[in-house]
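*Asks:* Dock chain to chain to rebuild the complex, using the hints, since each chain is given by itself in its own frame.
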Amino acid sequence: MSEESPLGALVLGFLGISLLSVGGGVAVLPEMQRLVVETHGWMDALGFAKRFALAQAAPGPNIMVVGLIGWHVAGALGMFTAMLAMCGPTSLLAYGVARMRQRLAGRRGLRVAERGLVPIAVGLIAASGVLLAAGTAEGAALPWLALGVTLGSALFVWRSARSPLWVLGFGAIMGALFLR
Amino acid sequence: MTPSLGALGLAYLRIGLTGFGGVNAWARQLLVEEKGWLTEQEYAETLGIAQVLPGPNALNCAIGVGVRFHGAAGAMVCGVALFGGPMALLMGIAALYDAYGELPLVRAVLTGIAAAAAGMVLGTAAKMTGKLRPSLPLLLVGLGALGMALARVPLPAVVLGLAPFGLLAAWWGMRR
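Heads up: the protein sequence lines correspond to chains A and B, in order. The first sequence begins at 1 in this note's numbering and counts up one residue at a time. The second sequence begins at 1001 in this note's numbering and counts up one residue at a time.
Excised from the complex, chain B in its bound form (with noise of 0.2 Å):
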């Protein structure tokens, strides 16, 4: 099924407003269980690609799903869409920020809403290995990238000095 230019840009207006702590969980919610416009298959194919590729994956798997129904028009309506929202919400967080950041209960309340952030970033890391159950060399890469970022590790040396590393060992895990 094919949804109009309108609809996916309705689709993308909607998930950017409610997409809290991140998109994806959303975007799949909505064009795959609710729409139904993309199978399961092919909304995990197309946001693989677009996690593979530099880039916010939210951005990249709504440009792909653009193309796929709608050309380049598409990809530019589902980007602009997926933004327009919360960058308009943004100017608005950003201002009230700098007006009221400093008052001492909105400093409070902010750091304590910072120490939870930091702890729900640790969580999907941990959440992500235990989906991924990966191979004793793949587990090594990961906690290389780690070490090496908190040694601040400038991350070109991070993730060029390891990719060959993590693709061997895909590959070599998937030979057999």
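One chain only, chain A, in its complex shape (with noise of 0.2 Å):
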């Protein structure tokens, strides 16, 4: 593994990551940490989380987050390799379909796949988010307070249609706080 250089682990790991990640982004966040954390470690646990919640507070797509590990691993040049490894061919894949929609869209065929697959995104999307809340619990100075805004944050999305940047900023306030 050693004599891999960064860029080019970085391109296989999003590539193959990519081409499994129906459902968006965030399902496929327990791999992007298998690979991150555990495969190459790039960062612990809890850089990742953060990393994941700065990508969320910012604007744009979720999917940003692999940028982040890209720059932090290789700098601008490891930010945008990641981000193509990432978004490039399921791009083309996407293009495709795209041209071949109206006689897709409505279909029986498609229906199914759409009912049939979304509750494994959903699956995973959950694990994620309990990967992440362990993660960073693990690394903050009052485990049990981490878990206390996590569970709070879950029920406020879950339960209200208020904008989730409203928890984004009690979290950043409750971490000012009391997590120094």
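Just so you know, not all the hints are guaranteed correct.
[As the list claims (entries may be wrong)] Straight line, CA to CA, 20 Å or less: simulated SDA-like cross-link-like pairs of lysine to any residue:
1. B:K1131 <-> A:W144
2. B:K1127 <-> A:L165
3. B:K1131 <-> A:P6
[As the list claims (entries may be wrong)] Residues from chain A that face chain B, not an exhaustive set, calculated with beta carbons under 7 Å:
4. A45
5. I63
6. L68
7. G88
8. T90
9. L92
10. R107
11. G116
12. M174
[To be verified] Each pair of labels, with its calculated beta carbon distance range:
13. A:L165 <-> B:E1102: 20 to 30 Å
14. A:L92 <-> B:Q1029: 21 to 31 Å
15. B:G1071 <-> A:W144: 50 to 60 Å
16. A:A176 <-> B:P1164: 47 to 57 Å
17. A:A141 <-> B:T1039: 42 to 52 Å
18. A:L110 <-> B:G1084: 45 to 55 Å
Keep in mind that the hints were calculated from the coordinates and are not lab data. Values in this document were obtained by computation on a predicted structure and should not be read as measured data. From the three backbone atoms N, C-alpha and C, an ideal C-beta is built for every residue, glycine too.
*Replies:* Below you can see the structure in the form of structure tokens.
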């Protein structure tokens, strides 16, 4: 592993993940965490959770977390390389499918695929939440408080229609007050 | 109504830069409600296809919208516009994180935001489950994905192993 260049590892890792990322970026966070934290040791679980938090707090698609990981590993070049590996090939596929779109839309086969695959995506998204929460609590000064913030924000997002920016702001204040 | 290539590009630039917490809700608001370029049904279908395909949903959706109005050029413009603004911002954020990420106050604030963001992901999963109201077999497929991912089963095994059961359960449920 050590003679492998970091850019090559970024490309291979995110290319592989992107091709299985049914359900979008958040669903494959567990696999990204494995790649980044366990396989290559580029950062710890808290560092990973913080970068995801930065990508959530900033505007733009959630997948920008991949850019932040690339930046950490190999600077600006790493950021663009990782994003391109994550988005390039799947974009070509999306383009090809979009060209046949009129024939596909509303088709029974597509609805079966949607209904059948979405539960897998939702299960993976829930697992992402659990892993992010565990990684954050493990590295926080007061683990139980970090878990409390996580639970509170989960309830808020589940039960209210307000913007999720409220919970991120609440988390920032709780962190500033208690997690030093 | 067909928007010009420039108008589409500007719209996606705005979607990228205003899209806090994921862009899909913002894209729907602008494309369907404000501009009226797509009907609710057309947007839902485009997003549905985007979610079934691998890759970031928001990008797949932008490519679908771009192709619909302006073919390959439209896909290119929408995709690049969606990422252009956030990528530029993100480089600034990453540089700031490198410079100040280890200051005690910044560390603490980011840890708090990370805890909240983890909860946001959990809440989203709960919300999606509520909206889907899955049948028991589909619920089991979802729980299977959750359990396998937490047991650190590799992604290919989770997706490829559960997809046949998911498709079968969905097909079975829609038969009647």
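*Asks:* Tell me the hint numbers this structure goes against, listed in increasing order.
*Replies:* 1, 3, 4, 7, 9, 10 and 18
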